[in-house]
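S.K.: Chains as they are written, first to last, in the working numbering: chain A, 4 to 117; chain B, 3 to 136.
Calculated from the structure, these hints are not laboratory results. Quick reminder that beta carbons are idealized off the backbone N, C-alpha and C, glycines included. Treat the hints with care, as some may be off.
As the list claims (entries may be wrong) - Cut-off 30 Å, straight-line C-alpha distance, at most; resulting in silico cross-link-like pairs (DSSO-like, lysine-lysine): (1) A:K98 - B:K84; (2) A:K75 - A:K88; (3) B:K8 - A:K75; (4) A:K89 - B:K8; (5) A:K85 - B:K67; (6) B:K8 - B:K84; (7) B:K67 - A:K88; (8) B:K67 - A:K75.
Unchecked claim - Some chain B residues judged to face chain A by a derived CB distance under 10 Å, without partners named: (9) L26; (10) L47; (11) E51; (12) F80; (13) G101; (14) I102; (15) F114; (16) L117.
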Amino acid sequence: MALSIASREVDGVTVLELSGRITLGEGSVQLRDAIRDLTGKGQRSILLDLGDVNYIDSSGLGELVSAYTTVKNQGAALKLLKLTKKVHDLLQLTKLYTVFDIYDDEASAIASFK
Amino acid sequence: MNSTMKSVEEVETAADRLATEAGLDEDQRFHIAMAVREAAINAVLHGNEYDPGRQIEVSLENTGKDLVITIADQGRGFDPGKVPDPLAQENLLRGTGRGIFLIRSLMDEVHFRQLDPGTELTLVKHLAPVAGKK
């Protein structure tokens, strides 16, 4: 299954609900485009809900990092919500767990942007 | 096989099937399929650079003791010793460079062999001994 992305606003935070695979090619490109679109509109607070992301490869991990640095370089913030076990394990393995601000529940994540 | 993403998907699926038939659990199947996918991407993308004139050669085998997957490309070759450490602080925020690290982390053994031209990667996952067998 390719990646699908749904967007909604909660208290000024854009929540992107990602579902499927973030892999080389389609998934990574979709995520990049979505982030570029949001930063282009001046969105300052972005929360990526990865609860339905069942697969990510090295390219997808790289895309998450690129999204993080792109947003941060614009003085905005990107955080992660609800990691699946596979994604959690890969972020730990690659030490990216130390880079991202990660939350298990949406209310805490939204509150952290204030 | 052709140097396309379709080949990568097929190799990943074949690796998952090999691991499933060997009776491995979901985590181990995921590790093997992912490592094989990363190796196939390296062969197709970095090795053969999607060149339709270059092929990748893949073999998957259950020896009874190990799962052995070999992937060879016809690219310019590379030195695995020169791949930057993606866990180093200065490399953590790089968008690329985690493929070889993941392959090494997820498999029990990884061997590189330079071909002329190309690179061959052999990925090995040890199988737990079957009870009652020596």
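S.K.: Next step is simple, just say for each hint if it's right about the structure.
M.R.: Here is how each hint holds up against the structure:
| no. | hint | in the structure |
| --- | --- | --- |
| 1 | A:K98 - B:K84 | 20 Å, holds |
| 2 | A:K75 - A:K88 | 26 Å, holds |
| 3 | B:K8 - A:K75 | 35 Å, violated |
| 4 | A:K89 - B:K8 | 23 Å, holds |
| 5 | A:K85 - B:K67 | 37 Å, violated |
| 6 | B:K8 - B:K84 | 29 Å, holds |
| 7 | B:K67 - A:K88 | 28 Å, holds |
| 8 | B:K67 - A:K75 | 48 Å, violated |
| 9 | L26 | 15 Å, violated |
| 10 | L47 | 7 Å, holds |
| 11 | E51 | 14 Å, violated |
| 12 | F80 | 16 Å, violated |
| 13 | G101 | 4 Å, holds |
| 14 | I102 | 9 Å, holds |
| 15 | F114 | 17 Å, violated |
| 16 | L117 | 23 Å, violated |
Consistency with the previously given hints fails for numbers 3, 5, 8, 9, 11, 12, 15 and 16, ordered from lowest to highest.
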